[in-house]
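K.L.:
From first to last, the protein sequence lines are chains V and W. Numbering-wise, the first sequence is residues 1 to 228 according to my numbering. Numbering-wise, the second sequence is residues 1001 to 1213 according to my numbering.
One or more hints might be untrue.
[Claimed, not checked] The calculated SDA-like cross-link candidates involving lysine to any residue, where the alpha carbons are at most 20 Å apart (straight line), are: (1) W:1081 with V:20; (2) W:1034 with W:1144; (3) W:1081 with V:62; (4) W:1033 with V:90; (5) W:1111 with V:197; (6) W:1111 with V:189; (7) W:1115 with V:58; (8) W:1115 with V:159; (9) W:1081 with V:21; (10) W:1034 with V:8; (11) W:1033 with V:190; (12) W:1081 with V:7; (13) W:1034 with V:21; (14) V:19 with W:1193; (15) W:1115 with V:196; (16) W:1111 with V:21; (17) W:1033 with V:189; (18) W:1111 with V:196; (19) V:62 with V:206; (20) V:19 with W:1197; (21) V:58 with V:90; (22) W:1034 with V:189; (23) W:1111 with V:13; (24) V:159 with V:193; (25) W:1034 with W:1193; (26) W:1033 with V:38; (27) W:1034 with W:1116; (28) V:19 with W:1041; (29) W:1115 with V:62; (30) W:1034 with V:196; (31) W:1033 with V:184.
Don't read these hints as lab results, they were simulated from the structure.
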Amino acid sequence: MFTATPTDLLGSLNAVELKHAPPVLYLEGRRDLLEVGARVAVVGSRKASEMGLARARKLTIKLVEHGVVVVSGLAAGIDTAAHTTAIARGGATIAVLGTPLDRTYPADNAGLQRKIGEEHLIVSQFCPGTAIRPQNFPIRNRTMALLSDATVIVEAAEKSGAISQGWEALRLGRELYIMQAVVLDKSLSWPADLIGYGAQVLSDQTLDQLLDSLPLRGAPMLDAAIPF
Amino acid sequence: MPQFPSELPYWALLRYAVRGQGDVSRKSNAACKKIKRGDSGYIARVAERVRENIAMGGVLSPCFAGRPFLVPAPRSAPLVKGGLWPAAEICRALVSAGIGAEVLPCLERWKRVTKAATAPAQERPTPELHYETVRVGGRVLASHPDALVLVDDVVTRGATLVGLIPHLEEAFPGVDIRCFAVCRTVSEGDIAEILDPVEGRIHGGPERLRRAP
């Protein structure tokens, strides 16, 4: 395990980013995953539908094919589908935990957490030994939005933590996409609320738009010193 | 609907090659994304380049003459409370660099429009739509400014600038109003340099807008 501040990991932060940034992060695994490749958070319901899980897998495969690091929250459902698909496809993944590194929630994901920590990267803002508290999970969602260049909500019920991550992504000025199938679900009011503030609809037609919006990383000459 | 300007001068600092794949073009893409993301260090460098240009009597001097108030152009969607507003970040950095009197965030988007950067040409918002979806708000000024500069991060065709000018003319009658964008898009081909301060023109028309350069 090692510790770092968000500024250590992401470079200088603007005032909007600093507002909810945790003072310190506890990490295990490959720090380089925060330095190479764009990062997209794939998030959604713990009790996901089969179609939602299939969409999460399809999106993750596309992201991995384009060298994008897949970020999620190690929760059941959509998060687990995103992590496991990224690993299975040879991609890279980051788990941003709502627990400290020495705890796992849900317990069923202990093996997945261990594998991500050994071969990819796990991140938590909670000091080892901290108790697991429900209120820590939406706090974690803010941090996940900060660490990600874009967030995609695959599927979410009205009270889902994924929606709070969506609002935080918009506040940070990050790209926020919502799966088209969710937007078309007339029983949900939250997609229209987020779209009114700038969220985009993700479909086969707009996936390239999402990929084009991501920052160019991995080639130091592009990122470090832009000579003008 | 108000009268929109048929020809609008504007100033810009950088070029951004939208589709270019050359080395410099890709760097311009990265630069534009840093600005849109509110990268404070990078935006401070932008302000410093503007200051240098003005100090040597460069092309940007007339845009910022007379210590104007800087008005950030609204984003394409209403702002989440406390959310990032890149144009306002640019304005603050310019004032910190000694350019302009103060930031005047008096324009507010109340209804979302399509982003020009991601929309097909025929679906990009018109000046009329920009005008209809923005309102004037914010604090009342103690003193009337002599000049305003409407500041945006990127100018594509110029529809945002053309659409917002009538709001400022109505709110500040008789005040000299100018337009500045950090980046101007180059829609085709590659570029050889990113830094290229220019004064240009946006030509309005019943059918389409045209920006030169």
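K.L.:
All the hints need checking, so say for each whether the structure fits it.
P.N.:
Quick rundown of the hints versus the structure:
| no. | hint | result |
| --- | --- | --- |
| 1 | W:1081 with V:20 | 14 Å, holds |
| 2 | W:1034 with W:1144 | 34 Å, violated |
| 3 | W:1081 with V:62 | 33 Å, violated |
| 4 | W:1033 with V:90 | 28 Å, violated |
| 5 | W:1111 with V:197 | 8 Å, holds |
| 6 | W:1111 with V:189 | 17 Å, holds |
| 7 | W:1115 with V:58 | 26 Å, violated |
| 8 | W:1115 with V:159 | 29 Å, violated |
| 9 | W:1081 with V:21 | 17 Å, holds |
| 10 | W:1034 with V:8 | 18 Å, holds |
| 11 | W:1033 with V:190 | 28 Å, violated |
| 12 | W:1081 with V:7 | 23 Å, violated |
| 13 | W:1034 with V:21 | 19 Å, holds |
| 14 | V:19 with W:1193 | 36 Å, violated |
| 15 | W:1115 with V:196 | 13 Å, holds |
| 16 | W:1111 with V:21 | 29 Å, violated |
| 17 | W:1033 with V:189 | 31 Å, violated |
| 18 | W:1111 with V:196 | 7 Å, holds |
| 19 | V:62 with V:206 | 12 Å, holds |
| 20 | V:19 with W:1197 | 34 Å, violated |
| 21 | V:58 with V:90 | 14 Å, holds |
| 22 | W:1034 with V:189 | 32 Å, violated |
| 23 | W:1111 with V:13 | 28 Å, violated |
| 24 | V:159 with V:193 | 13 Å, holds |
| 25 | W:1034 with W:1193 | 17 Å, holds |
| 26 | W:1033 with V:38 | 12 Å, holds |
| 27 | W:1034 with W:1116 | 18 Å, holds |
| 28 | V:19 with W:1041 | 17 Å, holds |
| 29 | W:1115 with V:62 | 24 Å, violated |
| 30 | W:1034 with V:196 | 24 Å, violated |
| 31 | W:1033 with V:184 | 30 Å, violated |
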